[in-house]
Amino acid sequence: MATVTYRGVSRIYPKATTKAVNELSLEIRDAELIVLVGPSGCGKTTSLRMLAGLEPVDEGDILVGGQSVLRLAPRQRDIAMVLQNYALYPHMNVADNLGFALQIAKLKKAEIKARVAEVAKILDLEDYLDRKPSQLSGGQRQRVAMGRAIVRQPRVFLMDEPLSNLDAKLRVATRSEIAALQRRLAVTTVYVTHDQVEAMTMGDRVAVLKDGVLQQVDVPGMLYESPVNAFVAGFIGSPAMNLIEGTIGSGGVTIGSTVLPVPRPLMKAVGPGRVTVGLRPEAVGLAGDGAGIPAVVSLVEELGAEAYIYAQLEHTVRGTMLGAVPDFVVRVDPKSAPRVGSRIELHVKGESMLLFDVESGVRITA
Amino acid sequence: MATVTFEGATRFYPKTERAAVNGLDLEVRDGELLVLVGPSGCGKTTTLRMLAGLEHVDEGAILIDGKDVINLAPRDRDIAMVFQNYALYPHMNVAQNMGFALRMAGVPKLEIERRVRAAAVILDLEEYLERKPRQLSGGQRQRVAMGRAIVREPRVFLMDEPLSNLDAQLRVATRAEIAALQRNLAVTTLYVTHDQVEAMTMGDRVAVMKDGFLQQCDTPRTLYENPTNAFVAGFIGSPAMNLLEGTIEPGGVRIGATVVPVANGLHKAVGKSVIAGLRPESLALAAAGTGIPATVRIVEELGAEAFVHASLVGADAVPQKPSNIIARVEPRAAPGKGELVHFQVKEGSMLFFDAASGERLR
Amino acid sequence: MRPRGSGYLFVAPYVVLLIAVGIYPVGYAINLALTTFTAHFAGLKNFVNVFHNPEFLPALENVAAFLAIWLTALIVLVVGLSLMLHSMDKRISAAFRFVLYLPAALAGSASVMLWLFMLQPGKSPWSFVLRWFGYHSLGDSLAPAHLPVVFALIAFWSGAGSWIVVMYGALATIPEEVLESARLDGAGAWRTAIRVKLPLIKKWIAYMVIGAFAAGSQLFVEPELISEATGSVVNQTWAPNQLAIYLSFRLDNFNYAAAISIDLLVAALIIAAVILLRTGLFETGH
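Going line by line, the protein sequences match chains A, B and C.
Heads up, the first sequence is in our numbering, so the first residue is 19 and it goes up one at a time.
Heads up, the second sequence is in our numbering, so the first residue is 16 and it goes up one at a time.
Heads up, the third sequence is in our numbering, so the first residue is 24 and it goes up one at a time.
The hints are simulated quantities; they were obtained by calculation from the structure and are not laboratory data.
The structure displayed is predicted, hence computed values, not measured ones.
Any given hint could turn out to be false.
Lysine to aspartate or glutamate pairs mimicking DMTMM-like chemistry, simulated, CA-CA at most 25 Å apart [unchecked claim]:
1) B/124 with B/141
2) B/225 with B/374
3) A/187 with B/126
4) A/353 with B/168
5) A/187 with A/142
6) A/37 with B/182
Some residues of chain B that are not near chain A, with every Cβ distance over 12 Å (derived) [stated by the list, open to error]:
7) 42
8) 55
9) 110
10) 121
11) 350
Just so it is clear, CB atoms sit at the ideal spot from N, CA and C, and this is done for glycine as well.
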């Protein structure tokens, strides 16, 4: 039984003015794969390392299986970690790399051999047991790194961006393998990544962090549909949700000179004044009744199965970065994508509009 | 402004069995952003470096604006390169980094200052001109690397995976910016990446390479809809196209235990072993009893859509070979794990490839 | 959290040695330098007396001349040679580095004997060169005016090789991409060396100067051996360190000797501090 609990955990680096991790409280269930995700510097890796014992905890407590581990050295916590750069021992072959931790733990040779063989089978490494890391491909090294963790049969797996050094294609293939493997082994896993697609596809639950503060922890679907604030809304989902300012009036929300209708329950909850409107690329269409928000197409990204239009809203001030900053993304069918430079009108599909407080970013709910 | 032509360009590394780049014939049009894409070891970076002059060309020729440059030193080719790790000079500040090549070329100081400032404005680096690379974030360093290239006003830009060291989010934002920038500057650009999404979204045309050979060079749309072989079909598009072994039978193709009806055109090939290509979006959930049966292994929820990873089964629910299939579904309609589902194939969306060579059958 | 205990255990033997053969002798020397022969406190009297000793200033001048030549040669030639080796083909430069390192593998005294032999017109294979300079005997070669140059030559010959290896290693830490970028930017071999490589090995050059200054100011083996071998040609108090030994073991004046040693130590520390502060040798954050 290995639940993991962070209780008001904080970490302040010496000579820093802000906390790297700010009173993080999180309950991770047994056998769950939870993903910590967020931009660089959000505290996700520091949180992972505090659990591992590689980083001191300045405030709060961390419990594994209900017991505090703060006083325990990393090797006493019964956890195994997969590092971003794998950190394989270059002078040992795959079998020795896999068995090293077990040798340190003084397991019997026969036992070590058996466990190594079993893990090699699970990870399809049986033909490579004699090779050194320098003779392996990137994907194989990644599997050895995972094997080293699995062979120890720990209570908790920690993974620090294990896919970031792989080719894009290999990344996509490996992430479903890791998810399937974790499900099979049923070991509590804490997984860190900066890639929200990875987080969404792999996590039983996903915890979004920003500047050391936990923003929201939920199942991927809920994070996508019910983000708790504008940051989570803009972070989860790719391309990012469009967040534009508008003014609430009697007819709906005014963006530029266009009035868009706001779903009834939301209208009741929000007061007049400025508000941030959130519209996902797929929630916007190019056809509808009445006038839409006028915009000019500046870029078309063809992805095969769909296309994304980057458009410049006519009423906003042009940016100076790299020529033109298109500020609105719309998803369209690739066959009916408009041309660059053409004028389009943006309409909201259905009731998918989200509203956020313009100051705090907190979502306004009915 | 220039065209770049590779004519039978070949590079052999000593003591290796196959050529890193093998007889490459490729033309980059004036002002075009051509992306070289492929898995590790396919030869894309070697090709770029041959054009840069950092790699020896063993056979063939490389022409810039019609003139063979393989005997010219890198600095005489009038090209600029953005390296994967940016390769900024650690001891110089941003302004000096950007101006270094111009200083080497003897450009007058005032002109250097003017160009550096202009590039800094475009790239939003004006406040950072005095800073050293170690005082910059990853995204800022990436922009300095681009600034260094822009300031030289070269005939050709070379970019070696410039986005791969950035956070995923920054990568998505920056690729649109780079594409827009290239369009504005209209400089012929050769761009290398292993990420086919980057290739698809940025390239005017995309050249897919494998094991040193060019597989296909076309617009993203054409590569997606009309791949010339199974490798390109499986490489372009994410999640990858389903490539399932099957046999042609009268009226359709047998995949596992099901015969999928095919409109016309394959009658002559009855009995032939083929690879059937089905993109995840050409599969739709259908009622029981029709279409291809499979049991759901996992469902990937991506917010705007969901992908079902399933294993093909026969009529008696026994797992069949070929086994894996990925289909795109609406997130709200996603089936649960372990469920038995049926997939219908959209009319006319299947592609066929020769089972042995991988070549496309038309 | 961190295994503190084992860390201290690892460092302990070194600390013991450091105290035993480093800090304690320095303390002892300071004590000696501040007291008289009869162990009474003497303040700075020893330092003043040493300064007035007729052999002290000449010794200082000798070593200063030697250092000027030696340090310049080290900085210019070692850095120059390393840069050249770094631009060459890897295998050729490896062979050269090996050859350049060989003399450093010789013990200091063996090097001196070798040079004595080389500097003797009549016996040396370079006799024709020596005769061309107008030297017909060892005394001519080892004329007082020549000594700083001679010692610099010997010290360079036996010391440069190691420093070249270090400097080359420093050059090897420069990412290949940065050098390729310089190539693309139009910098030839010379300009790449001056504008890209040199600034990036500043720290190692500083490290070399600090080490070389400390070793050079305490020059002993070369002048002492030549002094022994040639009898009167080079006197026994040519360098300050020799003077200290002479005072200690010939004249039993340990206090004066200690004063000289402390002088040398302080000089080396001051130079080290100046260089450290000016080049930020210990700054991290690359």
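Which constraints among the numbered hints does this structure fail? Numbers only, ascending.
Hint check: 3, 4, 8 fail, others pass.
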